[in-house]
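S.K.: Sequence:
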Amino acid sequence: MSVFGSAEVTTKGDKATAAGVSLDLPLDRVAEQNIYAKALVLLNQRQREYDLVADTVRMEVREAHRRLLETAERYQILSEGLRLAQARVENTFALLRYARLSSRRVLTALEHLRDARNEAADALTDYAIAALNFYRDTEILQVRPDGMWQEGPDVPVSPIATTANTSVKIE
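Heads up, the sequence shown is in the working numbering, so the first residue is 651 and it goes up one at a time.
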């Protein structure tokens with residue numbers, strides 16, 4: 651609803667004077683207010699969605715970094731265990747030469763060495779996977795549709811595909 655009013659004053663005589671007032675007040679803006687309110691609600695909804703996605707990305711990157719640090723520390727600890735198992739095997743062989751202990755102890759030391767090697771290899775594999783996951787989450791590593799990976803979003807794709815034992819250049 652709009653209100654429009656006008657007034658005019660004129661005088662006749664020696665001097666001509668005229669005055670006028672025009673007033674157009676938009677008193678009915680309910681439709682515009684509704685559109686504005688809907689736009690504000692939509693803006694707030696989009697902001698909440700953006701914040702949720704940003705928080706999720708931050709959480710995933712932090713978790714990937716934490717996992718990377720944990721696996722690196724685990725690998726260091728198990729590598730030290732492997733070194734100790736190797737030293738134990740060397741010591742048991744030396745003691746076996748002098749008949750200070752039985753072959754059963756040597757076999758136990760070799761078994762522990764094998765277990766330590768397996769655990770260190772598992773830890774190294776876990777570390778490599780954690781590093782790749784971290785690179786993927788921080789977008790340093792890009793996985794192509796063919797399942798191969800490349801570093802960074804702007805790195806050109808190499809035209810070499812690797813099969814079981816050979817490399818084939820794709821033209």
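The reader is advised that the hints may include incorrect statements.
Distance windows between CB atoms, simulated [stated by the list, open to error]:
id : residue 1 : residue 2 : range
1  : Tyr-700   : Glu-761   : 52 to 58 Å
2  : Leu-774   : Trp-799   : 41 to 47 Å
3  : Glu-723   : Arg-755   : 30 to 36 Å
4  : Arg-716   : Arg-764   : 27 to 33 Å
The hints are simulated quantities; they were obtained by calculation from the structure and are not laboratory data.
Even for Gly, the Cβ is constructed at its ideal location relative to N, Cα and C.
S.K.: Are the hints correct? Go through all of them and say.
M.R.: Hint check results:
1. The beta-carbon spacing between Tyr-700 and Glu-761, approximately 56 Å, falls within the hinted interval of 52 to 58 Å.
2. Range check, Leu-774 to Trp-799: about 19 Å between beta-carbon atoms, so the 41 to 47 Å window is missed.
3. Checked against the hint of 30 to 36 Å, the pair Glu-723 and Arg-755 passes, with Cβ atoms roughly 31 Å apart.
4. For the hinted restraint 27 to 33 Å between Arg-716 and Arg-764, the CB-CB distance of approximately 31 Å keeps it satisfied.
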